[in-house]
Amino acid sequence: MLSGYRCLDLCDEKGFFAGKLLGDLRADVIKIEKPGGDPSRLIGPFYDGRSAYWDTSNTNKRGITLDLEKEAGARVFLRLAAGSDVIIESFPPGYLDRLGLGYDSLKKVNNKIILTSITPFGETGAYRDFKTSDLVAMSMGGITWLIGDTDRPPLTVGFPQAYYFAGAYAALATLMALYSREANGEGQHVSTSVQQSVVPVTLNAVPHWTVNGSLVKRAGDRRAGLTSGAPQRQTWKCQDGYVTLTIYGGARGAKTNRPLVEWMSEEGAAPDYLKEKDWTAFDVSKTTPQDWELIEAPICQFFLRHTKTELYREAMNRGIMLFPVYGFSDLLADPQLEARQYWNKVKIDESHSAVYPGAFAKVSETPIEMQRLSPGIGEHNREVLGKLGITEEELHRLKRSGVV
Amino acid sequence: MKVLEGLKVVDFTWSIAGPLTTKFLADYGATVVRVESATHPDFIRVSGPSTAPRPALDRSGHFAFFSPNKYSLALNMNHPEAGKVVRRLVEWGDVIADNFTPGIMTRWNLDYEHVKQINPDAICLSISQMGQTGPLRTVSGTGTNLVGMTGFTSITGWPDREPVQPFGGYPDFISAVLAACSLLGSLIYWRRTGKGQKIDVSQLEASLQFLAPLVLEHSVTGIEPGRHGNRSDSASPNGVYRCKGDDRWCSISVSTEEEWKGFAKALDGETWAHDARFSNLALRKKNEDELDMLVNQWTSRHTAENVMHILQENGVPAGVVQDPSDLVQDLQLAGLNTFWKLPQSEIGETVHLGELFHLPLTPAEAVRAAPSLGEHTEYVCRNILQMPEDEFTDLLLKGLLE
Numbered sequence: 109m110l111s112g113y114r115c116l117d118l119c120d121e122k123g124f125f126a127g128k129l130l131g132d133l134r135a136d137v138i139k140i141e142k143p144g145g146d147p148s149r150l151i152g153p154f155y156d157g158r159s160a161y162w163d164t165s166n167t168n169k170r171g172i173t174l175d176l177e178k179e180a181g182a183r184v185f186l187r188l189a190a191g192s193d194v195i196i197e198s199f200p201p202g203y204l205d206r207l208g209l210g211y212d213s214l215k216k217v218n219n220k221i222i223l224t225s226i227t228p229f230g231e232t233g234a235y236r237d238f239k240t241s242d243l244v245a246m247s248m249g250g251i252t253w254l255i256g257d258t259d260r261p262p263l264t265v266g267f268p269q270a271y272y273f274a275g276a277y278a279a280l281a282t283l284m285a286l287y288s289r290e291a292n293g294e295g296q297h298v299s300t301s302v303q304q305s306v307v308p309v310t311l312n313a314v315p316h317w318t319v320n321g322s323l324v325k326r327a328g329d330r331r332a333g334l335t336s337g338a339p340q341r342q343t344w345k346c347q348d349g350y351v352t353l354t355i356y357g358g359a360r361g362a363k364t365n366r367p368l369v370e371w372m373s374e375e376g377a378a379p380d381y382l383k384e385k386d387w388t389a390f391d392v393s394k395t396t397p398q399d400w401e402l403i404e405a406p407i408c409q410f411f412l413r414h415t416k417t418e419l420y421r422e423a424m425n426r427g428i429m430l431f432p433v434y435g436f437s438d439l440l441a442d443p444q445l446e447a448r449q450y451w452n453k454v455k456i457d458e459s460h461s462a463v464y465p466g467a468f469a470k471v472s473e474t475p476i477e478m479q480r481l482s483p484g485i486g487e488h489n490r491e492v493l494g495k496l497g498i499t500e501e502e503l504h505r506l507k508r509s510g511v512v
Numbered sequence: 439m440k441v442l443e444g445l446k447v448v449d450f451t452w453s454i455a456g457p458l459t460t461k462f463l464a465d466y467g468a469t470v471v472r473v474e475s476a477t478h479p480d481f482i483r484v485s486g487p488s489t490a491p492r493p494a495l496d497r498s499g500h501f502a503f504f505s506p507n508k509y510s511l512a513l514n515m516n517h518p519e520a521g522k523v524v525r526r527l528v529e530w531g532d533v534i535a536d537n538f539t540p541g542i543m544t545r546w547n548l549d550y551e552h553v554k555q556i557n558p559d560a561i562c563l564s565i566s567q568m569g570q571t572g573p574l575r576t577v578s579g580t581g582t583n584l585v586g587m588t589g590f591t592s593i594t595g596w597p598d599r600e601p602v603q604p605f606g607g608y609p610d611f612i613s614a615v616l617a618a619c620s621l622l623g624s625l626i627y628w629r630r631t632g633k634g635q636k637i638d639v640s641q642l643e644a645s646l647q648f649l650a651p652l653v654l655e656h657s658v659t660g661i662e663p664g665r666h667g668n669r670s671d672s673a674s675p676n677g678v679y680r681c682k683g684d685d686r687w688c689s690i691s692v693s694t695e696e697e698w699k700g701f702a703k704a705l706d707g708e709t710w711a712h713d714a715r716f717s718n719l720a721l722r723k724k725n726e727d728e729l730d731m732l733v734n735q736w737t738s739r740h741t742a743e744n745v746m747h748i749l750q751e752n753g754v755p756a757g758v759v760q761d762p763s764d765l766v767q768d769l770q771l772a773g774l775n776t777f778w779k780l781p782q783s784e785i786g787e788t789v790h791l792g793e794l795f796h797l798p799l800t801p802a803e804a805v806r807a808a809p810s811l812g813e814h815t816e817y818v819c820r821n822i823l824q825m826p827e828d829e830f831t832d833l834l835l836k837g838l839l840e
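Chains A and B, in that order, give the protein sequences. Sequential numbering from 109 applies to the first sequence in the working numbering. Sequential numbering from 439 applies to the second sequence in the working numbering.
Bound conformation, chain B alone:
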């Protein structure tokens, strides 16, 4: 039995935050119907890597990665008769999800107030840059740029250099898991009371949850945290150290005195590790430049894997700075089914993001690869929405289903 078996999701999401949210539903058994159109495609569908020489809608490994287990219905929402199909979808669905710029769902009569008239118990989830209300609600953008506003950019980087971006659309990943939590909470409420509701997730507001201590600190002390590279007030050494090989690195964090003892023991022949000037955290922080230099000298004589093993065997947190090729070979991640290899209809066998948590009685299942655009149009219309054949043919001929 799957957790969300029988749950029906009408999925208008695109880009990353929305599709990652509905991926969690699809992985645990919900029927998730992506509504999309070649007339205005999800730009992730043309985002790299692609197996085609030119951008092609069904060849993006990036799109596939985040969208396993979903159905795709092609529907041109700007067609004058699109409302007919939309009505059927809304009647069918338990959850209606979108992450468009606020206003678009209203234009299509798909906002909560409209949905409620057709389906009073529906749950409507909307994710947006800054929320469905307020003066800046209609600002559009992507997490890649919004991240500047969340505070993350201003604190990431070296103190003597310009700030750098946390990779990719960082706020998308915070928003997706928190949106999913609010949705599951609403589903539990729905299962207990039969009542639906409206969920409004602002990517800016969600992101700030992960910076809460800095907000509180600033509000009382006025401190701007600034940029500190990889350093930490509560650990030293705490950094990324060069290892043997081309661009190979290992992260090391020594927080407690016990860990420092383990560190010194691991570096058997290095007399400096026993020096009084590094004998407690305050002294290591004081002499940190020198300490980092000495640690680097030691690590650069070993492979990153060796540094990790030598230190971990002595109780010191250490880990290889894994690149993407390391990730797909990592046995811990593999053991947790973090990646699924599934045969996508246009790309062939390709990697999809798998489980991020495990429910042994009701595990996530890789049933289907990410869909090509409109791959399930007929199936969704005929089998899921129970559309009579002549109606389906009519819609097809009128060009609605593309």
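So that you can see chain A by itself, here it is in the shape it has in the complex:
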């Protein structure tokens, strides 16, 4: 889709994902690291002594080293920028300007350039220089408040997420700017903040506050704020783990609640009041915790008799919206993902493969494929800089002076 476009990726972990998505869409993405390698190569989790974080975030990119803080490095960078379409960066606000490499300077060498900036809290305002972490961004963006057990501190999602959202929105901003440029020939300096990019995940918590003044709070394995009713159970224990199921009201709920109760009664596990319940008339927004206790108790008992696979299989047969809580071995064995040939498997030895997630979308004419693994430190220095007209001799000089 993006073949012919070149993107220079200056990001640390806050922006890795943006360049990866553009690379997936076939842009020529060149990851630029400091000589010696980016510190983000040391972010866990690790496998075989390698960073799984780095390796999965930098597929479909080539890699060069370049010290932008050295004058010769900045000069090389501007030459690269002259032949590129997009530059993505996640430095602290103002950093590139201080090096003389801000948008205005880039525009001088390439008036169509698109610069995409990812910052923790925005490029202006009182918090522009505040530092972030995944946890801090998830907290300032409103997600952490909504997750966790009621009797303990709020929780974030169990794996860092904010930089994925920021990277994805930065990629979307970049794509919009490219689409716009196709029409009017103009580049621009687009931006997103990590904090801002996670706000949508709060779903309806903001309107609950602004419309009715009700403050949705964390509710453990229950779900608050779906309606104005009492928080309802989301995860349910079964024989060998957990499953997820939401008891919805009205016609939509009836479609899945009825077959569930039927199944329970076939196994003698449904009390009369569940069998007789008019699910279509059931209004979740009027429920109290006691109502839920009555409905949930027999279902909890029933689920404990079965494994998650049994429950999921039978739920599918009966049209019940129930899903297993998967661990990672479950995911890698899932028949649907297998049938869709989702995983990218890279052979390590005769009997083992390293597995990467596949395409984020299946696109008919311009398929998204993993075409290269993450680059080694400076792996494409010669290739990329040579193309720029930098001779072997010059490259040696740049290496000796620590520029590449």
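Treat the hints as calculated values from the structure; they're not laboratory data. In this text the structure is predicted, and so the values were computed from the model without any measurement. Here a beta-carbon is modelled for each residue, glycine too, at the ideal position from N, C-alpha and C. Please note that a few of the clues may not be correct.
[As the list claims (entries may be wrong)] Footprint (simulated), chain A over chain B, 3 or more residues, beta carbon under 8 Å:
hint : region
1    : 530-543
2    : 593-605
3    : 653-666
4    : 785-799
[Unchecked claim] With a Cα cut of at most 20 Å, we get these calculated EDC-like pairs of lysine to aspartate or glutamate:
hint : chain 1 : residue 1 : chain 2 : residue 2
5    : B       : Lys682    : B       : Asp559
6    : A       : Lys239    : B       : Glu695
7    : A       : Lys345    : B       : Glu726
8    : A       : Lys216    : A       : Glu179
9    : B       : Lys440    : A       : Glu290
10   : B       : Lys446    : B       : Glu519
11   : A       : Lys178    : A       : Glu473
12   : A       : Lys325    : B       : Glu726
13   : B       : Lys682    : A       : Asp259
14   : B       : Lys723    : B       : Glu696
15   : B       : Lys699    : B       : Glu662
16   : A       : Lys385    : A       : Glu404
17   : A       : Lys325    : B       : Asp684
18   : B       : Lys446    : B       : Glu600
19   : A       : Lys394    : A       : Glu384
20   : A       : Lys220    : A       : Glu294
21   : B       : Lys446    : A       : Glu290
22   : B       : Lys723    : B       : Asp671
23   : B       : Lys554    : A       : Glu473
24   : A       : Lys453    : B       : Glu662
25   : A       : Lys178    : A       : Asp120
26   : A       : Lys239    : B       : Glu751
27   : A       : Lys345    : B       : Glu600
28   : A       : Lys325    : B       : Asp671
Put chain B on the given structure of chain A with help from the hints.
Showing chain B alone in chain A's frame:
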């Protein structure tokens, strides 16, 4: 000039993942026509908060939040003559979007193969739980439940407790932005070559993009990541700490030794912050229970805002655990136009989700509040689809447009 000015989108999406995807198009100038029906309404339209005592289709603040800038056409797709209007829509549209259970668009002759016969260059975007192919393609559900299958539930929670759900329909938010990226990529291709295509987004597959390192790690080492509360291998302290006030909290992350020095400096009078047993990351991880207790003792004497400011001034990442009331007052978010207040025809002035990224030359614009169901039926039929008046009246009388 708006980025997507002139782009025509026929929007059959409902719930969250689809409407959030098409919101990005509408915000940047595309003409997005929501096709919906009171005979089978989008359940988000009756999802809280509502300004009415009883669920009412046009009173949901939840629906409004995710659907600014769109038009709404009421069309009963199960009416025997619905095909007439559908044909006009397909002829008109550049993009046809849906997130129904696979099979439904085919039933209506709206799958890519059919669309292509009428409009060969169309782009068809379908988002579903598990994709348009494979043995489980027809499984229906919502992100709220699917999340269990994506792996997120199994890793979220305290190690000594049951897993908890990431809030709401977590996979919807990953799917929406990634679907939008695939769509914009396709639009660039379309603009360069004139060719359309079919996009198949599986919410399960999209979600796994955000867990890629855990997949790779597991495939080689066999490690199940498990649940670790808020803790991290690469930072300590890294947690949510109690502050002064009712249910007020501040998040703190100390990753580097420089940040630890800043932390110790910020906690001026606290001698423990200079103790040898916390002097490097390995030691802080080893003594983390005690460290967390001491940090909590300090934070609980200050407001969450103060903790954030004191630490940030010393170069330590820290941030208030903002609740929804904090979010709407947050000046950083306001400065980035994250929320729009727009007058919705039934609700009145209400908050809509605004910009999530900024394009200074071609910014998103809040032109219209979220539509009431069928609010633009006549406008869409007469002005957009150029339907003659007698045809429109005929459809209206036959009850198609409801």
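Cross-check of the supplied hints:
1. For the region 530-543 of chain B, the assignment as covered by chain A is violated, since 0 residues bring a beta-carbon within under 8 Å of that chain's beta-carbons and 3 are needed.
2. Evaluation of the coverage hint for the region 593-605 of chain B: fulfilled, as 11 residues show C-beta separations to chain A shorter than 8 Å, against a requirement of three.
3. Here's how the region 653-666 of chain B fares: 13 of its residues keep a CB closer than 8 Å to some CB of chain A, so the rule of at least three is met and the hint holds.
4. Given as covered by chain A, the region 785-799 of chain B passes the check, having 11 residues with a CB less than 8 Å from a CB of that chain where 3 are the minimum.
5. The suggested pairing of Lys682 of chain B with Asp559 of chain B is violated, with an alpha-carbon distance near 60 Å, which exceeds 20 Å.
6. Only pairs whose Cα atoms come within 20 Å are accepted, and Lys239 of chain A paired with Glu695 of chain B is accepted, the gap being roughly 15 Å.
7. Only pairs whose Cα atoms come within 20 Å are accepted, and Lys345 of chain A paired with Glu726 of chain B is rejected, the gap being roughly 30 Å.
8. Taken as a hint, the Lys216 of chain A and Glu179 of chain A pair is honoured in the structure, with Cα atoms around 17 Å apart against an allowance of 20 Å.
9. Distance check on the hinted pair: Lys440 of chain B and Glu290 of chain A sit about 13 Å apart at the alpha-carbon level, within 20 Å; holds.
10. Using a Cα cut-off of 20 Å, the hinted pair Lys446 of chain B and Glu519 of chain B is violated, with the two alpha carbons roughly 23 Å apart.
11. The hinted pair formed by Lys178 of chain A and Glu473 of chain A fails the criterion: a straight-line CA distance of about 43 Å is larger than 20 Å.
12. A hinted pair counts as satisfied when its Cα atoms are at most 20 Å apart, and Lys325 of chain A with Glu726 of chain B does not qualify at roughly 27 Å.
13. Among the hinted pairs, Lys682 of chain B with Asp259 of chain A is consistent with the structure: their alpha-carbon atoms are about 17 Å apart, no more than 20 Å.
14. Straight-line distance between C-alpha atoms of Lys723 of chain B and Glu696 of chain B comes to about 16 Å, which keeps the hinted pair within the 20 Å bound.
15. For the hint pairing Lys699 of chain B with Glu662 of chain B, the CA-to-CA distance comes to about 34 Å; that exceeds 20 Å, so the pair is violated.
16. With a C-alpha separation of about 13 Å, the suggested pair Lys385 of chain A and Glu404 of chain A falls inside the 20 Å cut-off, and the hint holds.
17. About 13 Å separates the Cα atoms of Lys325 of chain A and Asp684 of chain B, which keeps this hinted pair within 20 Å; it holds.
18. Of the supplied pair hints, the one linking Lys446 of chain B and Glu600 of chain B is violated, its CA atoms being roughly 47 Å apart against a limit of 20 Å.
19. With a CA separation close to 19 Å, the supplied pair Lys394 of chain A and Glu384 of chain A stays within the 20 Å bound.
20. With a C-alpha separation of about 5 Å, the suggested pair Lys220 of chain A and Glu294 of chain A falls inside the 20 Å cut-off, and the hint holds.
21. This hinted pair checks out: Lys446 of chain B and Glu290 of chain A have alpha carbons roughly 18 Å apart, not beyond 20 Å.
22. Taken as a hint, the Lys723 of chain B and Asp671 of chain B pair is honoured in the structure, with Cα atoms around 8 Å apart against an allowance of 20 Å.
23. Restraint check for Lys554 of chain B and Glu473 of chain A: the C-alpha separation of about 13 Å stays at or below 20 Å, so the hint holds.
24. For the hint linking Lys453 of chain A to Glu662 of chain B, the alpha-carbon distance of about 19 Å falls within 20 Å, and the restraint holds.
25. Using a Cα cut-off of 20 Å, the hinted pair Lys178 of chain A and Asp120 of chain A holds, with the two alpha carbons roughly 19 Å apart.
26. For the hint linking Lys239 of chain A to Glu751 of chain B, the alpha-carbon distance of about 10 Å falls within 20 Å, and the restraint holds.
27. A hinted pair counts as satisfied when its Cα atoms are at most 20 Å apart, and Lys345 of chain A with Glu600 of chain B qualifies at roughly 9 Å.
28. For the hint pairing Lys325 of chain A with Asp671 of chain B, the CA-to-CA distance comes to about 28 Å; that exceeds 20 Å, so the pair is violated.
In summary, the numbered hints that this structure violates are 1, 5, 7, 10, 11, 12, 15, 18 and 28.
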